[in-house]
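Letter by letter, the chains look like this.
Number of protein chains: 2
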Amino acid sequence: MTLYENLAIRLREHIELGFYKPGDKLPSVRQLAKEHGVSISTVQEAYRQLEQELLVEARPKSGYFVSAQKQDNLPSISRPPQRPLEVSQWEEVLNMLMIRSRTDAVQLQHAMPDMKAPTLKPLLKDLTKQDPEIGLGYSDIRGTEELRTQLCRLAVASGCQLHPDDLVITSGCQEALSVCLRAVTEPGDIIAIESPSFYGSMQAIKAANLKAMEIPTHPGTGISLEALELALDQWPIKAIFVTPTCNNPIGYTMPEDKKEQLYRLAQSYDITIIEDDIYGDISFQFPRPKTIKSFDTDGRVLLCSSFSKSIAPGMRVGWIAPGRYRDKVTHIKYVSSSMCPVMPQLAVAKFIRLGGYAKHIRQMRQNYEKQRDQLLKAIKTYFPKDTRVSFPDGSFILWVELNQHIDSMKLMKKCREHGVGFAPGPLFSATGKYRNCFRLNYSEQSSEKREWAIKSLGEVINTFQPQES
Amino acid sequence: MTLYENLAIRLREHIELGFYKPGDKLPSVRQLAKEHGVSISTVQEAYRQLEQELLVEARPKSGYFVSAQKQDNLPSISRPPQRPLEVSQWEEVLNMLMIRSRTDAVQLQHAMPDMKAPTLKPLLKDLTKQDPEIGLGYSDIRGTEELRTQLCRLAVASGCQLHPDDLVITSGCQEALSVCLRAVTEPGDIIAIESPSFYGSMQAIKAANLKAMEIPTHPGTGISLEALELALDQWPIKAIFVTPTCNNPIGYTMPEDKKEQLYRLAQSYDITIIEDDIYGDISFQFPRPKTIKSFDTDGRVLLCSSFSKSIAPGMRVGWIAPGRYRDKVTHIKYVSSSMCPVMPQLAVAKFIRLGGYAKHIRQMRQNYEKQRDQLLKAIKTYFPKDTRVSFPDGSFILWVELNQHIDSMKLMKKCREHGVGFAPGPLFSATGKYRNCFRLNYSEQSSEKREWAIKSLGEVINTFQPQES
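Chains A and B, in that order, are what the protein sequence lines are.
Each residue of the first sequence is one higher than the one before, counting from 40 in the numbering used here.
Each residue of the second sequence is one higher than the one before, counting from 40 in the numbering used here.
So that you can see chain A by itself, here it is in the shape it has in the complex (with noise of 0.2 Å):
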């Protein structure tokens, strides 16, 4: 047994006895090497595999802290290849977003939120109640003030304070994040991307013909800061692309200091960030989680978003924060699409004048959160026992890791004849990694159809699952 070896199962032990409780901080590096006598790259060995385990995070500048164990059976931290490579993977996303289901299948693989809530009717109303020919003519290519305007009230939840004009409306946040991407590469550059990723995000990345480069991901706190200055070392990155609240797949909030932390190194490392939050609203922290934006000093943040998450994806109404790059972004903007419609936008910014919205999102934030916990209690008592899930601090999906020999595209196809559809792993990475993997939608309130697809699910897998010996 090598030395850190050694060291790892003594503070193990500790942790599991007790000694160190969830959220407390750990002994130092100089301060255990010294106690132990073996060099600092022995403890930071131990310390890496015990990270690996999912016992202990670091914290930047702060140290090792025992991990929250809001759940014992995370996923691993992803280990992608650490070069940048071009995105493959279309094809997949192509067969799952052309998939024709049968009308009685449960569909659990699309990001769609709960549009039958009560809350949202009063939007619905607004919306046949407008006069058409508002909308006819040509609009501010920025978008309506009006809504700009009440993006701005609602900035100020995540710690941002933003000028009306500091807004770019996108057609959803699909557009604000090509458009971003755009406005800030050229061909052939590279962006590092949190691992697994969006596939709509990484799409984009290929079709700007850029490079991706998927950094190592904690799934209870994101992207790893110090895999990424390594890369920054390495490599000539040229922006850092992140959804750093309630993560897609994995639904994962970055602490508020590694955010801050993150906004540091892209700085020291001259870098652009363009951070997706499209998920932000539907935190089930109160207030909501504050966004890298907010510690922006120098505009080299791009915030996209849009209401598809919070309320529904077929308004098509995004944003965009661009910072210093909005000359560049208004004109990809405009080349992209013209102006958005307006109609939707006008609607919208009313719900939130009307207060509406904040009503809608906070019974949304009570419901997936009980789903959440329906959906982990579903998936341990139907999944085998070796599935790993995340646990989102928000939105309503999950990431579930499944043991390491069942292919979930094989998986997939399986489902489908039993009328069960999930997101397969393959389409989060550039490489087609995480087979074994899963992301599954809670959006839904629970229902005995709903419990069914899940118990059938679990079967599926079951035959799937290799024997023990």
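Hints are computed from structural coordinates only; laboratory data are not their basis.
There's no promise every hint is true.
No copy is singled out in the list; a pair is fine if it fits within one copy or between any two copies.
[What the hints assert, rightly or not] Calculated cross-link-like contacts (lysine-lysine; reagent style BS3-like; alpha-carbon spacing at most 25 Å):
| no. | residue 1 | residue 2 |
| --- | --- | --- |
| 1 | K472 | K367 |
| 2 | K389 | K164 |
| 3 | K155 | K168 |
| 4 | K389 | K168 |
| 5 | K398 | K329 |
| 6 | K160 | K494 |
| 7 | K472 | K73 |
| 8 | K488 | K452 |
| 9 | K409 | K398 |
| 10 | K488 | K424 |
| 11 | K367 | K250 |
| 12 | K160 | K409 |
| 13 | K73 | K100 |
| 14 | K452 | K419 |
Got chain A; can you put chain B on it based on the hints?
Just chain B, lined up with the frame of chain A:
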């Protein structure tokens, strides 16, 4: 005097004396060379000069004809620089788009259709009658099948047999053009375009990091195939981007045989054509002119269009018939803005299906033709005598060429003070040419206020007019 000038004078005399009438075929080059004892190239040079004077026009494979002389004061043939250039003018375009006009201003700068037409009422009524819930979720990324089916029906009138699977719905024609450019090019490629050209498409060329090669363009018959062929011989041109039917900003429609000839040229150089047909349905010809796409047998034509000019730009309903580039176009459309809103698509599909659209464009064609003639008459009355003006055979915009000493950018500032707006010429060139030109809109029905606006415009122009010596 050179031999060719001599010959040109004699031919001009014959035409002016009525020896050859408008539309008549002129003697072949070979015949004239023999008759006058000069070389083939001398005759060609003489014809080229008369063509420049718009007295004669060349028809591919048929020879030279006396121009139809719809009008005797057409703008001159454009003579852009014969090399690929980067597109500039974004500041100027942005300035125009961001202008907050006085509320009482007569805005002749935008290419907006008449949206007060009673024939639009069934569509507007239907928009508010829809159940808003149908528009909340994600839909087919290619757009609704209902709309794609109706578009195939419409395409028959332009000579195309399409299948719903051959179409991708976009957020207006701007997204269609932008997606097509990105689907068929790599950064640094050269795109051949008409000169002048629509600023929105040129800015899309700029944003895709492409170079524009402006080709001399005849104000009555469109892009010069001779000049285009020369350019294709000299430069590695990747695609041709044209608006051959009811061109923006000029209004000409390329004759059908010339469209076919252009397609053959693209075939022989194995390059792609992006065809913008946004004004095609409001051609004054009946049946409407064929598209270049109608000659396409090998899928090299990407047809782009939308209902922004035939219905209203605020609908944001456009489409692409991408030919052999379908997969690439679907990918880029998806990353560009995900799917398009469902409700406008369904409303437009129903409007077409029930005959409302056919009725509406029949009415619009009649109105616009009448309004064109009223505007031409007003220009003749109020503008300086040396003003040249295009003769659109469709659309609701025309192109004015003033004395070469007048700067339309300065003129625009002055006219804005008077409460009259227009689109200045430099916006329609990659490199800020056409300073003495501008585009006017005639989509609104004639009124005292509009008559006053044209009169005011004429008065301001007259203060800019150089004094005759």
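Can you tell me if K452 and K419 fall within 25 Å by alpha carbon in one copy, between copies, both or neither?
within (23 Å within a copy, 70 Å between copies)
When Cα atoms must be at most 25 Å apart, do K155 and K168 count as within-copy, between-copy, both, or neither?
both (19 Å within a copy, 19 Å between copies)
At most 25 Å between CA atoms: does that hold for K389 and K164 within a copy, between copies, both, or neither?
Cα proximity of K389 and K164: in one copy and across copies (12 Å, 22 Å).
At most 25 Å between C-alpha atoms: does K367 with K250 qualify within a copy, between copies, both, or neither?
Classified as both; 21 Å inside a copy, 18 Å across copies.
What label fits K472 with K73 when the C-alpha limit is 25 Å: within, between, both, or neither?
neither (41 Å within a copy, 76 Å between copies)
Checking K389 and K168: alpha-carbon separation at most 25 Å within a copy, between copies, both or neither?
Both: 12 Å inside a copy, 20 Å across copies.
Should K160 paired with K494 be assigned to within, between, both, or neither, using CA atoms and 25 Å as the limit?
So K160 and K494 fail the 25 Å test inside a copy (33 Å) and across (51 Å) alike.
Cα distance capped at 25 Å. Does K472 pair with K367 within a copy, between copies, both, or neither?
between (34 Å within a copy, 24 Å between copies)
For K398 vs K329, is the C-alpha pair at or below 25 Å within one copy, between two copies, both, or neither?
Within one copy, since 20 Å is at most 25 Å while 54 Å is not.
Alpha-carbon proximity between K409 and K398, which holds within one copy, between copies, both or neither at 25 Å:
Within one copy, since 17 Å is at most 25 Å while 54 Å is not.
Give the relationship of K160 and K409 under a CA distance limit of 25 Å: within one copy only, between copies only, both, or neither.
within (22 Å within a copy, 47 Å between copies)
How would you classify K488 and K452 at a CA-CA limit of 25 Å: within, between, both, or neither?
within (20 Å within a copy, 66 Å between copies)
This entry does not satisfy hints 6, 7, going by the numbered hints stated previously.
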